[in-house]
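Trainee: In order, the protein sequences belong to chains A and B. When we follow this note's numbering, the leftmost residue of the first sequence carries the number 1, and every step to the right adds one. When we follow this note's numbering, the leftmost residue of the second sequence carries the number 1, and every step to the right adds one.
Simulated from the structure, these hints should not be mistaken for laboratory data. Just so you know, not all the hints are guaranteed correct.
[Claimed, not checked] Some chain A residues judged to face chain B by a derived CB distance under 8 Å, without partners named:
(1) Ala142
(2) Val258
(3) Tyr261
[Unchecked claim] For each label pair, taking beta carbons as the anchor points, the in silico distance ranges come out as:
(4) B:Arg119 <-> A:Ala201: 45 to 55 Å
(5) A:Thr245 <-> B:Glu187: 28 to 38 Å
(6) B:Asn128 <-> A:Ala107: 41 to 51 Å
(7) B:Arg119 <-> A:Pro203: 50 to 60 Å
Positions of the beta carbon are idealized from the N, C-alpha and C atoms, including for glycine.
One-letter residues, chain by chain:
2 protein chains.
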Amino acid sequence: MAYAVDITSPDDPRVDDFRDLSTADRRPDRPGGKGLVIGEGTVVVERMLGTPFEPYALLGVSRRYDQLCGQLRDLEVPFYRASADTMATIVGFHLNRGVLAVAGRPAPRSPRDLLAAARTIAVLEGVNDHENLGSIFRNAAALGVDAVILSGRCADPLYRRSVRVSMGHVLRVPFAVAASWPDLLGELQRGGFSTVALTPAQPSLPLAHAVTSEKVAFVLGAEGPGLSEETLESTDVRAHIPMTTGVDSLNVATAAAVAFYERARLSEDASR
Amino acid sequence: MAYAVDITSPDDPRVDDFRDLSTADRRPDRPGGKGLVIGEGTVVVERMLGTPFEPYALLGVSRRYDQLCGQLRDLEVPFYRASADTMATIVGFHLNRGVLAVAGRPAPRSPRDLLAAARTIAVLEGVNDHENLGSIFRNAAALGVDAVILSGRCADPLYRRSVRVSMGHVLRVPFAVAASWPDLLGELQRGGFSTVALTPAQPSLPLAHAVTSEKVAFVLGAEGPGLSEETLESTDVRAHIPMTTGVDSLNVATAAAVAFYERARLSEDASR
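Please put together the full structure from these sequences, using the hints given.
Mentor: Here's what the structure looks like:
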């Protein structure tokens with residue numbers, strides 16, 4: 001069981017991995033980054049258990065320890081217990097959620113590993129907003145997407161804010177970073193995937209007409225720039241979400257949710 | 001045309017309406033609030049023109065003045081021009097978007113005014129997160145929702161952060177606050193609307209089976225608590241978005257987008 005270790009001084013070196021979270025380690029995935037994965041709040045902490053992101057330490061207030069210690073019974077790791085004020089000083093801001101967990105980063109997976117068993121995947125080009133990235137994973141988990149593949153120019157999905165916004169689903173939905181882009185799209189096509197670029201631009205098919213293949217890879221770009229021309233040219237199909245004229249596009253994570261929903265709906269209908 | 005007025009001192013009283021935006025006037029809609037509507041960034045400022053939220057003053061850097069003055073030619077109002085530093089001191093934080101506009105708040109509308117011409121509306125119970133509220137309006141605008149009605153316990157959709165996240169669409173999509181709740185739901189039903197409660201709970205219909213009536217009112221609750229029992233009991237239909245087992249619900253604005261999309265898709269099919 002996680003064992004409580006009381007922390008009374010914010011300078012205690014045992015909690016260094018939780019220090020200054022808003023400024024330290026902003027690109028944990030890059031050389032020089034500490035590579036740590038930080039989960040915030042009971043929901044996310046619970047979701048880390050039994051995954052490759054099993055916490056090796058926690059920091060939280062007494063109430064959260066009492067609340068979580070049942071679920072943490074199989075985990076022989078320290079739960080650093082501190083007052084809310086001490087915790088705020090360590091972390092660098094006041095943390096409403098009252099508990100943090102830290103895990104290491106498992107070896108990255110390759111796109112190929114993820115494709116064999118997948119029917120629906122999301123492929124992200126240059127999605128560099130942590131919250132959008134987190135939301136896409138949350139939506140992927142809810143709406144039956146099997147894996148996510150990121151271009152090298154995406155933000156780090158394991159950064160703290162992505163983990164939080166995803167409700168911990170970045171730790172659950174398998175993902176990989178594509179070594180080369182847009183070669184990945186050719187690899188997907190050879191693997192039997194229909195690559196569907198989501199774009200508000202015409203000409204393109206309405207979403208519902210574009211997602212009926214046996215295997216579908218949705219290709220999504222960052223809000224604002226969208227997909228690059230090179231990527232658009234390398235996909236099989238372009239699809240749009242029918243929208244009111246004159247209104248700019250949906251947020252990328254919202255558009256992703258609509259696409260994932262449509263895919264799940266049609267798959268459900270087909271399996272009847 | 002908007003005329004430039006150079007502001008060199010952050011203490012200049014002419015820019016008082018833009019002062020300390022992150023702390024002042026957090027409930028502008030409540031007694032004691034200033035009632036101001038603040039738009040941030042060129043997209044939102046442009047979207048204010050020709051609406052009841054026409055700006056009576058702007059504050060921005062020189063580059064934004066140059067960029068906007070063509071669109072502002074019919075507007076005889078001051079554009080307070082300041083350096084980025086002076087502007088940051090006035091506003092209380094550094095504003096990436098470089099321009100703000102302020103408008104008054106028009107007389108509130110009543111739900112009844114909005115219903116006559118509407119086929120699809122969104123009804124929000126206790127949605128108290130400004131960003132979710134803004135996103136719901138953005139999604140409503142993009143996906144053909146005619147109006148939004150809010151219970152009294154919702155946040156103020158005209159608060160700055162909602163305006164920003166909505167991309168200005170809170171200023172375009174008609175909305176009203178329901179004087180009494182859940183009486184509103186009865187009024188909708190008498191007006192010919194099928195009231196559809198969106199809920200992850202069972203028993204409920206899959207979304208696609210619940211939105212085919214001539215007039216539909218989607219009823220949405222806040223993330224976390226969801227809809228109250230009283231509201232659930234007062235609606236005609238309960239509908240869920242089919243989701244992967246064991247995954248918690250989507251964000252409320254995302255769920256709204258999926259519902260609005262499904263409604264638009266079925267209406268489109270029906271009109272063929």
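Trainee: All the hints need checking, so say for each whether the structure fits it.
Mentor: Outcome of the hint check:
For alanine 142 of chain A, the interface hint holds, the least distance from its beta-carbon to any beta-carbon of chain B being 5 Å, beneath 8 Å. Residue-level restraint check for valine 258 of chain A holds (minimum Cβ-Cβ distance to chain B is 5 Å; threshold 8 Å). The interface hint given for tyrosine 261 of chain A holds, since its Cβ lies 5 Å from the closest Cβ of chain B, which is under the 8 Å cut-off. Checked against the hint of 45 to 55 Å, the C-beta distance between arginine 119 of chain B and alanine 201 of chain A comes to roughly 28 Å, which is inconsistent with it.
For the hinted restraint 28 to 38 Å between threonine 245 of chain A and glutamate 187 of chain B, the CB-CB distance of approximately 31 Å keeps it satisfied. Our hint of 41 to 51 Å for asparagine 128 of chain B and alanine 107 of chain A holds, since their Cβ atoms are close to 42 Å apart. A hinted range of 50 to 60 Å for the beta carbons of arginine 119 of chain B and proline 203 of chain A is inconsistent with their spacing of about 28 Å.
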